[in-house]
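Q: Protein sequence lines, in the order shown, are assigned to chains A and B.
Reminder that position 264 of the first sequence reads as 264 in the numbering used here, one-by-one numbering, no gaps.
Reminder that position 139 of the second sequence reads as 1139 in the numbering used here, one-by-one numbering, no gaps.
A couple of the hints might just be wrong.
Said to hold, decoys possible - Here are some chain B residues the structure puts well away from chain A; computed CB gaps all over 10 Å:
1. Ala1015
2. Tyr1092
3. Phe1147
4. Ala1165
5. Arg1211
6. His1264
7. Lys1302
8. Tyr1318
9. Leu1345
10. Lys1350
11. Tyr1376
12. His1378
13. Tyr1382
14. Pro1418
15. Pro1438
16. Glu1453
As the list claims (entries may be wrong) - Computed list of lysine-lysine pairs in DSBU-like fashion (alpha-carbon distance at most 35 Å, straight line):
17. Lys1461(B) to Lys104(A)
18. Lys243(A) to Lys1038(B)
19. Lys97(A) to Lys1145(B)
20. Lys1010(B) to Lys480(A)
21. Lys137(A) to Lys1038(B)
22. Lys333(A) to Lys1096(B)
23. Lys268(A) to Lys1145(B)
24. Lys367(A) to Lys63(A)
25. Lys25(A) to Lys367(A)
26. Lys177(A) to Lys1038(B)
27. Lys617(A) to Lys658(A)
28. Lys585(A) to Lys567(A)
29. Lys650(A) to Lys518(A)
30. Lys50(A) to Lys586(A)
31. Lys1096(B) to Lys1010(B)
32. Lys37(A) to Lys1079(B)
For the record, the hints were derived by calculation from the structure and aren't laboratory data.
Glycine included, C-beta positions come from ideal geometry on N, C-alpha and C.
The residues making up each chain are set out below.
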Amino acid sequence: MKRNFSPRDNYQKTKSAVGYVPLHKATQADYDRVGFKAGLEVHQQLKTEKKLFCNCPARIYNKYDDYDAEIIRHMRPTLSELGEYDGTALMEFKTRKTIIYRIKNETACTYDIDDTPPFPINKQALDIALEIALLSKLNIVGEVHITRKQYLDGSIPTGFQRTAILGVEGEIRLRNKRVRLIQLSIEEDSCREVSDVGHVRTYQTDRLGIPLIETVTYPDFANPDEVREGAEYIRFLNRSTGKVRTGIGAGREDVNVSCRGGTRVEIKGVSHNKWIPEITHNEVFRQWALLKIRRILNKKVKNPDNWKIQHKFLNPEDIEFISEPSILAKENKYKIVAVNLPGFRGILSHFTQPGKTFANELSDRLKVIACIEKPNLLHSEQIEQIFPDAHLHKIKDMMNSNPNDAQLIIWGPADDIPTALETIEERCKMAFERVPNESRKSLEDGTTIFERVLPGPDRMYPDTDSEPIPLKEDHINQLKKNLPVEIHERYEQLRKWKIPEDTYNYILRNNLVPVIEKLIEELGVDPKFAGTLFGHDLKYIEGRHAHSSDFSYEKIYELIKFLKQGKINFALAKIMIPFVVRNSKKDFASILTAIDFKQIPKEDIINEIPVLKKKFKEINKSRNKDAGIHWIMGELRKSALGNISLAELKKIVENTYKTGIPRTKT
Amino acid sequence: MKKNVLQGYKGRALAVLQKFKTRVWSQVEIDTTRGLFKGTILPRSENDDDRHIVLKISSGYNIGISVDTVTSIKEFGYKEAKYKIKEREFPYADDKPNVKLLGTGGTIASRLDYRTGAVIPAFSPGELYGAVPELADICNITTEKLFAVFSENMGPDEYKILAVAIGKEIEKGTDGIIIGHGTDTLHHTAAALTYMIQNPPVPIVLVGSQRSSDRPSSDAALNLMHAAYAAGHSDIAEVLVCMFGPTSDEYGFLHRGTRVRKMHSSYRSTFRTVGDIPVAKVTRDSLVHMKDSYNQRRKDRKVKILPYFEEKVSIVFYYPNMKPDIINSLVDNGYKGIVIAGTGLGHVNKPLYTAIEKAVANNVAIYMTVQTLWGYVHMHVYETGRDLLAKGIIPAENMLPEVAYIKLGWALGQTDDPEKVKEIMLTPIQDDITEREPYNGYLIYQGGVPEVEEFIKKFRK
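The shape of chain A in the complex, shown without the other chains:
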């Protein structure tokens, strides 16, 4: 190898060798080339009064530092029903975390903290979930079996989530394809993480136990936009029942992505659907890059099975040029270790994600598995050159490194070093074999970081504290009778009403079709007006004014009804809505006063036109032949609103210019 190896050039070179293209330039051909495959797990909180297995109130959130007591637990792996330890379970055990739960008396009880067995399942939640399962065309099970799904990260104090399948094998219909659903389950929501530093992870327990459903699709999505479309569809479907929670964190997605020859990687907790395309795009190329790395390594290293790292402990003085670890080492009695990775030259700076390289894969795992906070390593291929050449050579000499090798320097508490070394070796060995099976956390920049080893079916165990719940035929039939219209039919309906397409997202997200339908059918509102009143006007207003707590979309219906009864033109609603949004207790009549509305007979307004026309002639300086029409409309706008439709008025003004007579139609 050449002496003048530049990590920066290597990053760029490997990025183009992988064939990475940015999201906005990518075409279906790019996704076909890497074999893009993705599926979704959509989580949705249900709108119930109480939690799923106890009688605590659902959805009262406390501030992270507002708590009455703390409880400490540790999680140990246990056997699954089929007698296997789960991979994630063992990894989590390796991390030896102390888990602290913060409890607020009003939102958590002895059940939440696993000091009391579960109460019978919340029937209200079960029915909402069944309704959604039916809407999703799933085969409904005959009997619900509560199952324990192990989570050793501590996010649930029992160490497992109580969850149950309600239906399997369904489908949703996207614009251009059908996507199959694997299953829908009902489960208890987990704790919210407060912090995770070193060996201590802290959670708050307010969200814990809130009823949640999870809809899982097959990996039927062929590009990032389709994944987003699917996520939106499932979200709209859930919301069409009007019985699910909205707001931050009420709906969350996990996205499963793989490339051809890659592995299912689960990206957890994507809370905005708009992030999905970027995240899935980057993940498929990360896997593609890892496969490329595998080819390079297998070419370079003769006997991968015998591949081993070498390590040597360093003195703080050895690395004084990098202040951080050496200071930490002196202050905290951290150990500093140099690690040689045979044959890894060019790999540590190999592209994996935009702005990230293979070295990040190691650093992420050191944080999660060995509990060593970042920054936790330096390496011989830093893009920013912090490692002076002289020191690097010194370390290479010390390790008897081959020019083909790469080196790491890691540091951390002495107790964590063995796990750290094990973790590095394990991850590097995987690089010869496969894309690791893992779950990753999404970041705002569209990249992801390692979260944990992906759990398998081995972590499931029947809940011995609960009895199976039979789902009787007549109960299911009863639920079937009251289902809302399906989302793809909703799309159809909106198109038929000729409502502009850019409003669909807003309308379906907020489940507004039922109220729009009521406006059209009961009050005779023009469909297009109704659609844009919500999808354009209300959306715009909501972006500027905060809702008062008791605002509901039904208020808009009441407003229009009020206008109809007062024989006031509906267009006035656009001016009144900001008041309704801000203060929904205010009665409509006083809003009319507030906006200074006066009811004027239509004819009086029309009669103004000839006068204004004359006045305009005197002041006009424009050559635009329509200038007069615009000016008159501007002058009349305020008095016209609510008394005559602006479109109608405009026609009359135009007619006045054309024929000299103010009238609507000949």
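Once you have looked at the hints, place chain B on chain A.
A: Below, chain B alone, put in the same frame as chain A:
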């Protein structure tokens, strides 16, 4: 014995499985009026209905299929599961104390039972080491499974077997004993062993778990480590109950076997010393004494085993308007001893007087305890108490009702002579009766009080 291939299935579900010639652990496709389901047929709990088939689907979840909806079942494979904790030979180290773990059952070690769908006890040193390898850092452990019963099924026969077994282990030279036990009647067994094993030279530690060991958050492993430390390293040669101090995974208490009681149906920190303070606080590698006086560990093996118990003894929990027939029926059925848990300072109503007179006349030993659990019986304060004394009821001081029951059974197992029984009953053994009640012996703080809330927030529950 022929293997039951349709484990747990009965009635209509059984008929459907037989009709389609399939069995438990078959991998199948079941077509139903609710659609197609694919998975492995699991055994069904005996107590569940006969209308559903349990299926494990590929994601690991279990579901039930209503047999009424089944139109066909196609078998395409077979995969039987074996639930087994990995067995590893327990390592031995010369410098570590030797501890004997005697198993009686309970959730300290347990596994899934497909018959009932609940957890059943499982136990072997190898399994134990496979599940809690940290034990090897504390002591050398050998195990013996005496019986596998839930704690509610423990009784006099088991107490006697246990006492004799412990006596033998002590003679053999063990450094400490751990008894794995269900928690419901852990304190009854602790009291029984305190009486039956007199003057033990080593710690005898009873331990259980409130959350079964098949769950990640179980207290079993930590309780076991605490118990192992107490048995192997502590210098307290008494019968002790070792269970969580707070509900947090922090430390355990060692409670004297005669003053301890289960106080919450499900909490981890359910065991409390009543009317006194615990003997010590224990972690997996340390022990802090809380009480100054206790029996010291000794080198000798001079232990006396008194495995006696009269089964015809009962506890009567008094309630207002109790009728004499309750006491009469015990006497008529040949009971020899009755412990009454009376109200307040130790009272029952007047209608019972005749029944009590009859019982005493029939040579039945009647002892009074208090259902308030804390405090002494004081029968001289009110007329009722004095009346009852005159009728021959003997006050049992501040003995806990369950402890008095065990002690009376043990006393009557040794003699029928009322005077001798009384002497045994009222001679304090290991603080079953204390001369005085310290002020910190009664602490049930009330939530909502600002100072209490502050304490809870600071020191963890």
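Q: Give a verdict on every hint.
A: Verification of the hints:
no. : hint                     : result
1   : Ala1015                  : 16 Å, holds
2   : Tyr1092                  : 24 Å, holds
3   : Phe1147                  : 22 Å, holds
4   : Ala1165                  : 29 Å, holds
5   : Arg1211                  : 6 Å, violated
6   : His1264                  : 8 Å, violated
7   : Lys1302                  : 40 Å, holds
8   : Tyr1318                  : 29 Å, holds
9   : Leu1345                  : 33 Å, holds
10  : Lys1350                  : 41 Å, holds
11  : Tyr1376                  : 32 Å, holds
12  : His1378                  : 35 Å, holds
13  : Tyr1382                  : 38 Å, holds
14  : Pro1418                  : 45 Å, holds
15  : Pro1438                  : 27 Å, holds
16  : Glu1453                  : 6 Å, violated
17  : Lys1461(B) to Lys104(A)  : 13 Å, holds
18  : Lys243(A) to Lys1038(B)  : 31 Å, holds
19  : Lys97(A) to Lys1145(B)   : 33 Å, holds
20  : Lys1010(B) to Lys480(A)  : 31 Å, holds
21  : Lys137(A) to Lys1038(B)  : 17 Å, holds
22  : Lys333(A) to Lys1096(B)  : 31 Å, holds
23  : Lys268(A) to Lys1145(B)  : 46 Å, violated
24  : Lys367(A) to Lys63(A)    : 26 Å, holds
25  : Lys25(A) to Lys367(A)    : 34 Å, holds
26  : Lys177(A) to Lys1038(B)  : 25 Å, holds
27  : Lys617(A) to Lys658(A)   : 15 Å, holds
28  : Lys585(A) to Lys567(A)   : 22 Å, holds
29  : Lys650(A) to Lys518(A)   : 29 Å, holds
30  : Lys50(A) to Lys586(A)    : 31 Å, holds
31  : Lys1096(B) to Lys1010(B) : 52 Å, violated
32  : Lys37(A) to Lys1079(B)   : 30 Å, holds
Taken one by one, the earlier hints fail for this structure at numbers 5, 6, 16, 23 and 31, listed in ascending order.
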